[in-house]
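Using the sequences and the hints given, assemble the complete structure.
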Amino acid sequence: MENISFVDTNFLTYNPLNETNILDYFSTSPFYDSSSNNEVLKMQSQYTGNKINQQVENLRGVYFILDFKNQENTLFIIRKSENVNQNLTLNLNFYYVIHGHIYEAPSDSFLYTVRSTEIFFKLNKLLDLEDLDFDPLALEETKSDQQIEDSKFGIIRDIFEVFHRKK
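Read left to right, the sequence shown gives residues 7 to 173 (the numbering used here).
Worth double-checking, as some hints may not be accurate.
No more than 25 Å apart at the CA atoms, straight line, and that leaves these computed lysine to aspartate or glutamate pairs for DMTMM-like [to be verified]:
(1) LYS128 / GLU167
(2) LYS75 / GLU110
(3) LYS75 / ASP30
(4) LYS48 / GLU88
(5) LYS48 / ASP73
(6) LYS48 / GLU25
(7) LYS128 / GLU110
(8) LYS128 / ASP73
(9) LYS75 / GLU45
(10) LYS75 / ASP14
(11) LYS75 / GLU88
(12) LYS128 / ASP114
(13) LYS75 / GLU25
(14) LYS48 / GLU110
(15) LYS75 / ASP114
(16) LYS75 / ASP39
(17) LYS131 / GLU88
(18) LYS48 / GLU63
(19) LYS75 / GLU63
Listed next, with one range per pair, are the computed distances between beta-carbon atoms [said to hold, decoys possible]:
(20) GLN77 / ASP30: 15 to 25 Å
(21) ASP30 / LEU133: 48 to 58 Å
(22) LEU129 / ASP30: 43 to 53 Å
(23) SER11 / LEU98: 12 to 22 Å
(24) HIS107 / LEU132: 35 to 45 Å
Since the hints were derived computationally from the structure, they do not count as laboratory data.
Ideal Cβ positions, reconstructed from N, Cα and C, are used throughout, including at glycine.
If you want it as structure tokens, here you go:
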């Protein structure tokens, strides 16, 4: 679902997003798990008016919680977590709501794959440069030693930048 986005224009027409209704809005998306603790508590407390956000983190199972919001109410980050036991909570996924559009954050494996691919592409480019520069039959080098070193340095610098890029 990493390439899917969702927007509910009917909800947004009548309800500007804020920290009190963002999880209700999120529950209309395909990213929402209707078997989550949020849904169970919503059904149990629909007539009592109890706040479910305070209780949801204490139950064992999967839940969604608002992790961050900006002051303008244009960016919200929702975290999907699972309480395995009292001492262990796993973060399963993150979702971004930007101007009413909901996106799934890329997974760690997706980010590692993209970065590894970039690194291997740069290394392959470096190896291709080595192959082009070496001609055993030529009496003279076609490029000066300085030009070869400069191009190698540029590629190695690119690899270093890709490797040290933050998530």
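Structure-based check of each hint:
Straight-line distance between C-alpha atoms of LYS128 and GLU167 comes to about 11 Å, which keeps the hinted pair within the 25 Å bound. Distance restraint check for LYS75 and GLU110: the Cα-Cα separation of roughly 16 Å lies within the 25 Å cut-off, and the hinted pair is therefore satisfied. With a C-alpha separation of about 15 Å, the suggested pair LYS75 and ASP30 falls inside the 25 Å cut-off, and the hint holds. Taking the CA atoms of LYS48 and GLU88, the gap is near 17 Å; set against the 25 Å cutoff, the hint holds.
A threshold of 25 Å between alpha carbons decides the hint, and for LYS48 with ASP73 the separation of about 19 Å falls inside it, so the pair holds. Among the hinted pairs, LYS48 with GLU25 is consistent with the structure: their alpha-carbon atoms are about 16 Å apart, no more than 25 Å. A hinted pair counts as satisfied when its Cα atoms are at most 25 Å apart, and LYS128 with GLU110 does not qualify at roughly 29 Å. Restraint check for LYS128 and ASP73: not satisfied, since their Cα atoms lie roughly 36 Å apart, outside the 25 Å limit.
With a CA separation close to 22 Å, the supplied pair LYS75 and GLU45 stays within the 25 Å bound. The straight-line distance between the Cα atoms of LYS75 and ASP14 is roughly 19 Å, inside the 25 Å bound, and the hint therefore holds. Restraint check: the Cα-Cα separation between LYS75 and GLU88 comes to about 21 Å, which is no more than 25 Å; the hinted pair holds. Proposed proximity of LYS128 and ASP114 is supported: the alpha carbons are some 21 Å apart, at most 25 Å.
The straight-line distance between the Cα atoms of LYS75 and GLU25 is roughly 7 Å, inside the 25 Å bound, and the hint therefore holds. As the CA atoms of LYS48 and GLU110 are separated by approximately 23 Å, the hinted pair is consistent with the 25 Å bound. Note on LYS75 and ASP114: the hinted pairing holds, with a Cα-Cα distance of about 22 Å set against a maximum of 25 Å. Under the criterion of a C-alpha separation no larger than 25 Å, the hint pairing LYS75 with ASP39 is consistent with the structure, at around 21 Å.
A threshold of 25 Å between alpha carbons decides the hint, and for LYS131 with GLU88 the separation of about 43 Å lies outside it, so the pair is violated. At most 25 Å may separate the alpha-carbon atoms for a hinted pair to count; LYS48 and GLU63 meet this at roughly 14 Å. Proximity of LYS75 to GLU63 is assessed by CA-CA distance (about 18 Å); at most 25 Å being required, the pair is judged to hold. Separation of GLN77 from ASP30 is about 21 Å and conforms to the stated range, judged on CB atoms against 15 to 25 Å.
Look at ASP30 against LEU133: about 54 Å separates their beta carbons, and that is inside 48 to 58 Å. Between LEU129 and ASP30 the CB atoms are about 48 Å apart, so this pair conforms to the stated range of 43 to 53 Å. Here the CB-CB span from SER11 to LEU98 is close to 19 Å, well matched to the stated 12 to 22 Å. Distance hint check: the CB atoms of HIS107 and LEU132 are about 39 Å apart, consistent with the given range 35 to 45 Å.
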